[in-house]
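K.L.:
So you can see what is in the structure, the chains are spelled out below.
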Amino acid sequence: MPTFKLNGQEIPFEQGDTIIRAAWKAGIEIPHYCWHPGLSIAANCRMCLVHIKSGRQMAMPILKYDEKKKKYVPDTKPKLQPACQLHAQEDMEVDSVSEVVKEAQSHVQEFLLLNHPVDCPICDQAGECKLQDYYLEHQADFKRKRTEPVHKPKGVRFGPTIVYDAERCIMCTRCIRVCDELVGDPVLDMRERGNRNEIVLAPGRELDHDYTLMTEHVCPVGALTSKDFRFKARVWFLKSAPGVCTGCATGCNTHVDFDPRYGKVYRLRPRDNADVNQFWMCDQGMLTYQATHERRVTTPVIGRGEDAEKVLMDDVHDEVVARLEKVERGSLAVMLSAQQASEDNFVLATLAKALGTDRFYLGEKPVGDWTGDDILKHADPNPNRAGALGVAESVLGLASLPGAAQLAQDVESGAVKSVLALGPFAGADVSALEHLEDVIVLTDGEGPLADVASVLVPITSWAEMFGTFRNAKGMDQSFVRAVPAAADVEPAWKTLVAIGRELGEDLGLARTGEVRAAMGTGASTAAESAAPAPAE
Amino acid sequence: MPATTKVIRKPKRKLTEQTYVTEISKGLSLTMSRFFKNAFGPEDKKEIATVMYPEEQREYPERFRGIHRLTQRAGGEPRCVACLCCSTACPAQCIHIEPAEYAEDDARYGYERFPAVFVIDELRCIFCGYCVEACPVDAIRMDTGLHMPPSTARDHFLYDKETLLSLPSRDGTYESGNPRHEPGDPTHPGIDRLQGH
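Each protein sequence line maps, in turn, to chains A and B. This note's numbering numbers the first residue of the first sequence as 1 and each following residue consecutively. This note's numbering numbers the first residue of the second sequence as 1 and each following residue consecutively.
Note that these hints are calculated values from the structure, not bench results. This one's a predicted model, so the numbers in the text were calculated from it and none came from an experiment. Beta carbons are placed, not taken as given, at the ideal position from N, Cα and C, and that holds for glycine. Check before you lean on any hint, since a few could be wrong.
Computed, partial: chain A to chain B, Cβ under 8 Å [said to hold, decoys possible]:
#, residue
1, K69
2, Y262
3, E514
4, A517
Subject to a maximum C-alpha distance of 25 Å in a straight line, what follows is the list of computed BS3-like cross-link-like pairs (lysine-lysine) [stated by the list, open to error]:
#, chain 1, residue 1, chain 2, residue 2
5, A, K70, A, K154
6, B, K46, A, K264
7, B, K46, B, K26
8, B, K46, A, K232
9, A, K264, A, K227
10, A, K53, A, K70
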């Protein structure tokens, strides 16, 4: 691979790489605002200016203040070039830390902050703002301008999800390029020029495509803020855990940002993965974190309707054991879930097989108003259908599993007399199950299966456990626990192992690693032992 | 290095000191004279260092850090913009704030936010004053001159936004010395955006 020299260090590059991209691949950051590895090159922020020391030197005539003569005298200084636009060439010598470059960075930084309102205390970007970071790293002096900054519109509603503050904007055009290049919906553009310019919507439009939150995500400053996260938390309180989106079968990699003081997830951010989601996520996926706090099932319930009784976790374990002991094993239906982790499905299938039933079904989230697209969104809104089917094949030897419609039919025909299911979604009308005496449902959230359950066992959601999803491409992607679960609530597989032990079927599994070893899937993008990474 | 010693001799006692009797009577005479002066003497000659707390109270020093108060704007709303700088600086983590946004037709929309909930757990507070230092808008102060009144219930020590706003400073004002520039004032920096561009 050809190399070039950056500050004396050999950097390998592929043909066509720009200097900044080659450095980025090598883990070296050249300061930049407008360049984004997933977007086209704009070269308008001028922060990444570097000095190309090899080849023909270009010099700029300048006037320099001479201390001795007490006047400005003609001088020259090297002309700098943007590292984001300049292609790397063999044996090129690039300097990004010399005094000339540092001076340029400092001046660009001062220029970008010329009309900035500096309202960091009430800005949501504070703490992860590039203007703040680079001010400390690269700006040598305070700004010299003493006049009133130019004022522009603030709090402009761009659409149902995004609010725009033109005063904070540095016109890097990343949001415009996201709309143009990622989504193919050129709804944003820039108007005016100089210190008057601002981002505007196309006439008659609002920012309402499926990737609006990506415009906020790429914004290096606080100009675009998401209504969902706006004013909810300060980012320096948040910690981050690697997760996998549960929105669809694509399985986008996420950073799960949570506040450890409250044990609450505040947002998801895309985690770069070139094989799955590159740098992006869709709006619906970004908001899937809400399911970890809303419409949750945290209290065990025995009975239905008016007879429903809230009980303690120990009591519901005993109840499940008692009911599974007395049910006729041949007519016990077991429902795996395309919404739950492979570990949960594996232990459920293994336990059911040991109990001696051979009626297996697959519960899934119905498509509803979900639509796929060619960018990221998969047509299947279940994150782990491939994982559940993989478990069915490896543990049960079944190539496919019948759905909830078949289960309802079998209940009507009398072939199924009791159900043990992983919730919360079924995939079809399961109201027929209401007439069965024993419908044991393990679920983290409310849903059709929870509605018909006669014994409801709460389990942890994905944010509260270590687990694995297999996406539509067949990649096993593991995720890490972010927040603690409600008291006594355990992952489904742990609950099932405990129940199995009391039924006389000791599976001998106590840790996630043991379940994964038993499953025989090792591949993962985030090791279980990985400590939660700090927010970027 | 060799150890160097310095010899300190015992002070010599005089005979009057050695016998103790005269020294004791000297001391007792001072005690008794002060006792009779303070118990039966004229009021203006009394020399008493203590006060009859709690009936009598000393005035606290000028920079005494008392219970917090939230300073008010001219209209009575809090100056606080719910930036959470105080709760970030707080080493005791006793400040809980939930920010909220002004309505879109409000002049402050886009410029500021306000605290929907602002609670200080005064039991947890260590009265270090970092919150006052951290505040960028002079919204929180500890100049009430009050210390915590005792109570038997823990929730009496959770001071909410209304309570904190209702406490005056020691000179009786609810505002702060620093002027505010509200949207609409000629001094407000956002004024010229209304002139259009």
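K.L.:
Among the hints numbered above, which are violated by the structure, and what are their numbers in rising order?
P.N.:
1, 2, 3, 4, 5, 6, 8 and 10
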